[in-house]
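Number of protein chains: 2
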Amino acid sequence: MKDFTFYNPTRIEFGKGKEGNIGQYVKEFGVGSVLVLHGSDRIKKDGLFGRIAASLEEQGIGFETMGGVISNPLISRVRDAIEVVKQNGLQGILAVGGGSVLDSAKAVAAGAKYDGNVWDFFVGKAEVKEALPVFSVITLAATGSEMNPYGVVTNGETQQKYPIGSPLLFPKVSVINPELMASVTPEYLAYSAVDIFSHCLDLYFTASFLPVYTAALIENILESVMRTTNVLMSTPDDYDARGEFAWAATMALNGNTFVGVEGNTFDTHMIEHAMGALYNVPHGAGLAVVLPAWMEEIKDQMPERFERFARKIFNVADSEEGISKLTQWFRSIGAPVTFAQAGLLEDAVDPIAENAFGNAKLWGMEQTYPKERIAKILMLAVK
Amino acid sequence: MKDFTFYNPTRIEFGKGKEGNIGQYVKEFGVGSVLVLHGSDRIKKDGLFGRIAASLEEQGIGFETMGGVISNPLISRVRDAIEVVKQNGLQGILAVGGGSVLDSAKAVAAGAKYDGNVWDFFVGKAEVKEALPVFSVITLAATGSEMNPYGVVTNGETQQKYPIGSPLLFPKVSVINPELMASVTPEYLAYSAVDIFSHCLDLYFTASFLPVYTAALIENILESVMRTTNVLMSTPDDYDARGEFAWAATMALNGNTFVGVEGNTFDTHMIEHAMGALYNVPHGAGLAVVLPAWMEEIKDQMPERFERFARKIFNVADSEEGISKLTQWFRSIGAPVTFAQAGLLEDAVDPIAENAFGNAKLWGMEQTYPKERIAKILMLAVK
Numbered sequence: 273m274k275d276f277t278f279y280n281p282t283r284i285e286f287g288k289g290k291e292g293n294i295g296q297y298v299k300e301f302g303v304g305s306v307l308v309l310h311g312s313d314r315i316k317k318d319g320l321f322g323r324i325a326a327s328l329e330e331q332g333i334g335f336e337t338m339g340g341v342i343s344n345p346l347i348s349r350v351r352d353a354i355e356v357v358k359q360n361g362l363q364g365i366l367a368v369g370g371g372s373v374l375d376s377a378k379a380v381a382a383g384a385k386y387d388g389n390v391w392d393f394f395v396g397k398a399e400v401k402e403a404l405p406v407f408s409v410i411t412l413a414a415t416g417s418e419m420n421p422y423g424v425v426t427n428g429e430t431q432q433k434y435p436i437g438s439p440l441l442f443p444k445v446s447v448i449n450p451e452l453m454a455s456v457t458p459e460y461l462a463y464s465a466v467d468i469f470s471h472c473l474d475l476y477f478t479a480s481f482l483p484v485y486t487a488a489l490i491e492n493i494l495e496s497v498m499r500t501t502n503v504l505m506s507t508p509d510d511y512d513a514r515g516e517f518a519w520a521a522t523m524a525l526n527g528n529t530f531v532g533v534e535g536n537t538f539d540t541h542m543i544e545h546a547m548g549a550l551y552n553v554p555h556g557a558g559l560a561v562v563l564p565a566w567m568e569e570i571k572d573q574m575p576e577r578f579e580r581f582a583r584k585i586f587n588v589a590d591s592e593e594g595i596s597k598l599t600q601w602f603r604s605i606g607a608p609v610t611f612a613q614a615g616l617l618e619d620a621v622d623p624i625a626e627n628a629f630g631n632a633k634l635w636g637m638e639q640t641y642p643k644e645r646i647a648k649i650l651m652l653a654v655k
Numbered sequence: 273m274k275d276f277t278f279y280n281p282t283r284i285e286f287g288k289g290k291e292g293n294i295g296q297y298v299k300e301f302g303v304g305s306v307l308v309l310h311g312s313d314r315i316k317k318d319g320l321f322g323r324i325a326a327s328l329e330e331q332g333i334g335f336e337t338m339g340g341v342i343s344n345p346l347i348s349r350v351r352d353a354i355e356v357v358k359q360n361g362l363q364g365i366l367a368v369g370g371g372s373v374l375d376s377a378k379a380v381a382a383g384a385k386y387d388g389n390v391w392d393f394f395v396g397k398a399e400v401k402e403a404l405p406v407f408s409v410i411t412l413a414a415t416g417s418e419m420n421p422y423g424v425v426t427n428g429e430t431q432q433k434y435p436i437g438s439p440l441l442f443p444k445v446s447v448i449n450p451e452l453m454a455s456v457t458p459e460y461l462a463y464s465a466v467d468i469f470s471h472c473l474d475l476y477f478t479a480s481f482l483p484v485y486t487a488a489l490i491e492n493i494l495e496s497v498m499r500t501t502n503v504l505m506s507t508p509d510d511y512d513a514r515g516e517f518a519w520a521a522t523m524a525l526n527g528n529t530f531v532g533v534e535g536n537t538f539d540t541h542m543i544e545h546a547m548g549a550l551y552n553v554p555h556g557a558g559l560a561v562v563l564p565a566w567m568e569e570i571k572d573q574m575p576e577r578f579e580r581f582a583r584k585i586f587n588v589a590d591s592e593e594g595i596s597k598l599t600q601w602f603r604s605i606g607a608p609v610t611f612a613q614a615g616l617l618e619d620a621v622d623p624i625a626e627n628a629f630g631n632a633k634l635w636g637m638e639q640t641y642p643k644e645r646i647a648k649i650l651m652l653a654v655k
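Quick note, the sequences are listed as chains H and P, same order. Numbering-wise, the first sequence is residues 273 to 655 according to the working numbering. Numbering-wise, the second sequence is residues 273 to 655 according to the working numbering.
Misleading hints may appear alongside valid ones.
Copies of the same chain look alike in the list, so a pair counts if it fits in one copy or across any two.
[Stated by the list, open to error] Here are the computed lysine-lysine pairs in the DSS-like style, where the Cα-Cα straight-line distance is at most 27 Å:
hint, residue 1, residue 2
1, K299, K274
2, K274, K288
3, K597, K633
4, K584, K385
Please keep in mind that the hints were generated in silico from the structure rather than gathered at the bench.
Using the sequences and the hints, build the whole thing.
In structure tokens, the structure reads:
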């Protein structure tokens, strides 16, 4: 067992209608006003925004509203939001949406208490020393951002998709109401499932030491995601399946899977962030392309781990068959597993590899992943 | 999925030598002085107390020391400790020991900020409104008290073994260093394993709704406990096994196993607390006696759950065989599974049933567990 610190103070309020108490949750933390940050205007049409606004008003919480956060969220929008927060002296950020909105909210929370350029936090030029409290009501389960202190934002000018992180960025309270996710499209459900797989498998296949307990926890998350995704593809309003899927997403990146683990890295994310930064590929779609190719490339480094995966997840004996079964499953839920399926041309391999190598350098992985090796992995997905 | 709130702000510092940083952890919370609460004087002989004292002194944290907390800890000792805390104006409690010390520390933390009788919190006469911060360095992994807001203390005068609980009683920081547990006797290792089983199975066999994910999480904890206990019985200083065992103990009662669960109760604890209160049976020993008998009594209420248990944990098809395999395993690690093995006479059945029925009333379980049914379960263990 590697030494570790486990600390996760986020309170999860899980269940039907809990977004209706959001004003109360915010008030408990002594926060008198918030920026309600969201993506499209769908939440204004479907009544979610109305319920949240009513709850805030009932508790006397003032708020401003800003939408327009897109998938692969942009630092420019974060800057706009920081302006609004500063001008209005808002005391907290309430994210309503999926991972992009939450990730942006964290950047806004840190940036609002910082006099410099918020991008400094992403490129390692500054550390978060202070941040506004973040709250969330999630409408999509995938990134785990509702219960972790990380965010990923894209800088359009520099074409960098980079992470921010600080213990100060744990959301205070996150509402997970599975009912709010019943309208997620099959496409985004598939992307979400792949994202969760990738959070788990990056760790599972790179850890130099993985306690048996932690391996089994990860396998449990994967089993849960596969089973519930299959249910939800035909029965989108199955509340229990939606709920279990959501909790699996949260567990996949809230610290539990890191317990006692040594030497893990975020390889597929390192590569996928380049796809998102350059070609605006949806995160889960990019990961679906990268993950099986990456597994193919590294499978001989950890034969026992790959055999265990094949046996535990797909009940087959052979590593290669395990990878093939995973690819088949991705296909079956409609996730793209080739460049072409993700709308990318072979020409994109070189720029993606170049950009990903930039990530590798920032994350201290340039020894393991020279540009040529990244390109080799990507080529496995060009078919 | 049942609605739930997940909130667990305890920070776990897990690893070799981490007790040597305890002064720093305490200081981070602005606490300038603590009561170091412990059990026997073993920690003074083996150097642990010295390392902790040195760390506190290094950080300028003043402290008083009080030992003498016994297994099935007494409210009288808690009252002594509250006196010392009040007289010295101490600002926090640092528990060094196992579950009994931690549970006592929580009662002291609440009692030190309360003008009335600390036992009020146990019998529902008062609610914890304020408490001193609790820290811990654990030397035995079993109760999960290091990462939850509960404690169980015995009132010798009234012969009641009752729980206290409040979100204010989550430890701020708990140190789990598996090395400190290498000297746990095989007897107490067995009791600890049984305690963890009981935390898990009380829930597993009573929940009216148990998400598949949560069922599998519990099975993972049980598998981990069995495997590592078997290793530790022959190789007590296997660090990884000790570490995995410790984390399984923590996970069994830190909120994760309650996720989405409906209708669970603490049946074996309700009965065992009576054994501890009346006959001072070690908690894990009492549970080893009660658990298989209780399973026998209730097995027809949830046939699918018992079949799943038999299949997943012991790879056998039949419920009855699952119970029998569990009993055999308890025997194999030296845990008592009959009244006689726990040093109890058949005469004890009636007083235990009477006392346990008192718990059933306090916990709202008197409908399900009239005294006669409790006696019937106990009689199954008299053989």
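Right, here's what the structure says about each hint:
1. K299 with K274: Classified as between; 25 Å across copies, 39 Å inside a copy.
2. K274 with K288: Between. Shortest inter-copy distance 9 Å satisfies the 27 Å Cα cut-off; intra-copy 39 Å does not.
3. K597 with K633: Neither: 32 Å inside a chain and 53 Å across chains, both beyond 27 Å.
4. K584 with K385: Neither: 47 Å inside a copy, 51 Å across copies.
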